[in-house]
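K.L.:
Listed below are the residues making up each chain.
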Amino acid sequence: MDFVSILSIFVLACFVGYYVVWSVTPALHTPLMAVTNAISSVIIVGALIAAAASSGATGSGVAKWLGLGAVVLASINIFGGFAVTQRMLAMYRKKEKRS
Amino acid sequence: MIAPVPPAPLAPAVEAVAANPWVSLAYLVAGVCFILALRGLSSPTTSQRGNRFGMIGMAIAVVTTLVTHVPMRSEAWPPGNPHDPLIDWTAAFEILAAIGLGAAIGIVTARRIAMTAMPQLVAAFHSLVGLAAVAVACAAFLNPVAFDIADMVVPMIGQPFASIHVVSRVEMALGVAIGAITFSGSVIAFLKLNGNMGGKPILLPGRHALNAGLLGAIVILVAMFTRDQAPWIFWTITLLSFVIGFLLIVPIGGADMPVVVSMLNSYSGWAAAAMGFTLHNTAMIVTGALVGSSGAILSYIMCRAMNRSFVSVIAGGFGASDAGGGAAAATDRPWKRGSAEDAAFLMSQAEQVVIVPGYGMAVAQAQHVLREMGDLLKKEGVRVKYAIHPVAGRMPGHMNVLLAEANVPYDEVFELEDINAEFAQTDVAFVIGANDVTNPAAKTDKSSPIYGMPVLDVEKAKTVLFIKRSMGGVGYAGVDNELFYRDNTMMLLADAKKMVEEIVKALG
Chain B
743 MDFVSILSIF
753 VLACFVGYYV
763 VWSVTPALHT
773 PLMAVTNAIS
783 SVIIVGALIA
793 AAASSGATGS
803 GVAKWLGLGA
813 VVLASINIFG
823 GFAVTQRMLA
833 MYRKKEKRS
Chain Z
3 MIAPVPPAPL
13 APAVEAVAAN
23 PWVSLAYLVA
33 GVCFILALRG
43 LSSPTTSQRG
53 NRFGMIGMAI
63 AVVTTLVTHV
73 PMRSEAWPPG
83 NPHDPLIDWT
93 AAFEILAAIG
103 LGAAIGIVTA
113 RRIAMTAMPQ
123 LVAAFHSLVG
133 LAAVAVACAA
143 FLNPVAFDIA
153 DMVVPMIGQP
163 FASIHVVSRV
173 EMALGVAIGA
183 ITFSGSVIAF
193 LKLNGNMGGK
203 PILLPGRHAL
213 NAGLLGAIVI
223 LVAMFTRDQA
233 PWIFWTITLL
243 SFVIGFLLIV
253 PIGGADMPVV
263 VSMLNSYSGW
273 AAAAMGFTLH
283 NTAMIVTGAL
293 VGSSGAILSY
303 IMCRAMNRSF
313 VSVIAGGFGA
323 SDAGGGAAAA
333 TDRPWKRGSA
343 EDAAFLMSQA
353 EQVVIVPGYG
363 MAVAQAQHVL
373 REMGDLLKKE
383 GVRVKYAIHP
393 VAGRMPGHMN
403 VLLAEANVPY
413 DEVFELEDIN
423 AEFAQTDVAF
433 VIGANDVTNP
443 AAKTDKSSPI
453 YGMPVLDVEK
463 AKTVLFIKRS
473 MGGVGYAGVD
483 NELFYRDNTM
493 MLLADAKKMV
503 EEIVKALG
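Note that the protein sequences, when read in sequence, are chains B and Z.
For the first sequence, this note's numbering begins at 743 and goes up steadily by one.
For the second sequence, this note's numbering begins at 3 and goes up steadily by one.
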């Protein structure tokens with residue numbers, strides 16, 4: 743992909759983000775932060791590539807360990823972020839209808 | 003000087019990524035799942051389904067990467083064996099172990115954390131995203147061939163080396179800078195929220211000039227990096243960014259934390275987006291844009307709720323100076339003190355009670371007993387509602403989560419603009435742990451530092467019950483609250499939790 747098509751995806755995604763986030767109810771702003779934190783750990787993709795890269799080149803050994811470290815950090819975020827969001831969302835309940 | 007990097011054999015998997023449209027498609031689907039995850043948060047009823055979409059999206063992204071980037075050995079075993087699949091099982095095991103380790107830490111933390119500690123948990127998680135971004139950017143710099151962002155150059159003299167594409171250099175430098183700022187900034191925010199560091203702003207002399215200088219230096223270094231991929235430039239950018247993240251957050255005080263936490267949320271998104279540009283990965287770019295705009299919008303909402311500009315919050319120092327001589331003299335004014343029994347009687351006779359929680363409720367962990375009080379009042383036939391100011395607490399939506407934890411139904415909880423008109427028809431406004439957000443001076447006193455900030459009109463209620471530990475302290479803004487001395491205000495001086503417990507006893 744060339745730079746301009748990547749930029750187009752980015753710019754359009756910013757607009758999508760703008761409208762989607764404004765529609766989030768203020769009561770759920772804390773879960774919003776927790777879940778955005780979890781999904782921003784998609785950076786694990788880069789960490790996995792670094793960790794799986796074939797060794798041999800200068801610096802690739804260090805790069806591999808940096809990648810593995812980043813995999814651990816991002817996994818903490820992914821699992822922790824989604825789990826804590828799930829825990830919070832399960833607490834929100836409506837008033838029980840009384841007859 | 004350019005560091006010579008000997009040519010590395012291109013892993014076959016790297017070429018497969020560029021060629022296979024299904025891989026790009028999988029990342030696109032992951033990105034769409036993330037959009038749906040945020041979309042689900044528009045209402046509590048759809049939110050859990052949204053969260054599942056988020057998990058599915060992440061699973062797609064991770065599995066796709068694992069499958070397309072299987073670690074390979076360069077030599078077959080035994081040597082010359084054409085049937086060896088060349089898979090490096092040790093490396094594959096290490097990767098899975100790393101995921102497992104992170105998963106275990108993450109899940110245990112998420113299960114154990116108290117809901118009142120959510121702001122510091124979120125800050126800690128942001129710091130991890132920042133550090134991961136730094137690590138990935140460094141790895142990409144050290145081994146650009148693996149990321150498919152470099153061309154092998156064979157110069158006339160010396161070793162052949164991998165020249166990183168100019169666009170990738172900018173993206174990589176931005177990624178490492180934003181990641182480092184996110185990391186060190188979040189660490190400071192965590193220490194402040196967790197109480198390891200005082201909430202008071204720490205003001206260094208000449209900090210604006212220092213920050214501007216550092217920022218300028220980073221911009222110049224990034225420009226230099228596009229011309230010369232020297233390691234020292236890259237590492238200096240990284241180091242300076244760590245320093246500036248630290249310097250940016252240190253002068254910001256405790257109650258401005260909602261803005262800081264949202265801002266760091268935004269940064270972690272931009273860091274992910276920058277790395278997405280480097281890797282040409284749709285899922286990362288879409289996510290980065292979503293998270294980046296989400297944090298930016300939350301920061302904007304928080305600033306608007308305090309009637310402050312983003313710049314003034316970032317500049318920091320709010321609440322550090324004294325509010326002048328007025329505050330000290332004001333404490334001599336007459337005020338009324340009430341007891342738990344008085345409060346219980348007043349509320350049980352009321353038709354409608356509006357509870358206004360603030361950070362003090364979180365500190366005292368009073369949300370559960372508060373809900374008990376609400377239940378008892380409802381049994382007496384009182385209408386009970388909760389009014390939440392957008393900046394109550396230490397992060398956006400902090401109060402809502404605590405009330406939800408205490409089993410308060412979310413349709414009894416109202417935002418500022420939805421409930422403000424109701425205070426005039428309210429018998430008792432019950433303020434617990436909030437201060438500045440109820441100060442009528444914000445509407446009338448032009449000299450007040452909080453003038454113009456939207457506040458809850460609690461003084462319009464027939465009676466205001468105000469729980470406060472003592473008359474001495476002032477709110478975060480360092481201003482005295484006009485509300486304490488009004489005829490219709492009754493001060494309940496005690497720890498928030500103890501006072502509510504006594505009210506519950508008196509009601510029961």
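Hints are computed from structural coordinates only; laboratory data are not their basis.
The C-beta atom is built at its ideal place from N, Cα and C for all residues, glycine as well.
One thing to keep in mind: the hints can contain errors.
Below, a list of computed lysine-lysine pairs in the DSS-like style, where the Cα atoms sit at most 30 Å apart [stated by the list, open to error]:
1. K836/B to K464/Z
2. K387/Z to K338/Z
3. K380/Z to K202/Z
4. K836/B to K507/Z
5. K381/Z to K836/B
6. K445/Z to K837/B
7. K837/B to K464/Z
8. K837/B to K338/Z
9. K380/Z to K507/Z
Facing chain Z, according to a computed beta carbon distance under 7 Å, are these residues of chain B, among others [as the list claims (entries may be wrong)]:
10. V746
11. S750
12. F752
13. S765
14. S782
15. A793
16. A794
17. A825
18. V826
19. T827
K.L.:
Next pair to validate is K837/B with K464/Z; report whether the Cα-Cα distance is within 30 Å.
P.N.:
Since the Cα atoms of K837/B and K464/Z sit roughly 27 Å apart, the hinted pair holds (cutoff 30 Å).
K.L.:
For the hint on A825/B, just tell me whether its beta-carbon gets within less than 7 Å of chain Z.
P.N.:
This interface hint holds because 4 Å falls under the 7 Å limit.
K.L.:
Does K202/Z lie within 30 Å of K380/Z when you go C-alpha to C-alpha?
P.N.:
violated (40 Å)
K.L.:
Given the hinted pair K837/B and K338/Z, is their Cα-Cα distance within 30 Å?
P.N.:
violated (36 Å)
K.L.:
Given the proposed pairing of K836/B with K464/Z, does the C-alpha separation stay at or below 30 Å?
P.N.:
holds (29 Å)
K.L.:
Is the interface hint for F752/B satisfied, with its Cβ closer than 7 Å to some Cβ of chain Z?
P.N.:
Holds, about 5 Å.
K.L.:
Answer holds if the nearest beta-carbon of chain Z is closer than 7 Å to that of S765/B; otherwise answer violated.
P.N.:
holds (5 Å)
K.L.:
Keeping to a limit of 30 Å between CA atoms, is the pair of K387/Z and K338/Z held or broken?
P.N.:
holds (25 Å)
K.L.:
Given T827/B as an interface hint, is the shortest Cβ-Cβ distance to chain Z below 7 Å?
P.N.:
Given a least distance of 5 Å, the restraint on T827/B holds.
K.L.:
Holds or violated: are the alpha carbons of K445/Z and K837/B at most 30 Å from each other?
P.N.:
violated (34 Å)
K.L.:
Is K381/Z close enough to K836/B, meaning Cα to Cα at most 30 Å?
P.N.:
Between K381/Z and K836/B the Cα gap is close to 18 Å, so the pair holds against 30 Å.
K.L.:
Between K380/Z and K507/Z, does the CA-CA distance stay at or below 30 Å?
P.N.:
Distance ~15 Å between K380/Z and K507/Z Cα, so the pair holds.
In summary, the structure is inconsistent with hints 3, 6, 8, 10, 11 from the numbered list given earlier, while agreeing with the others.
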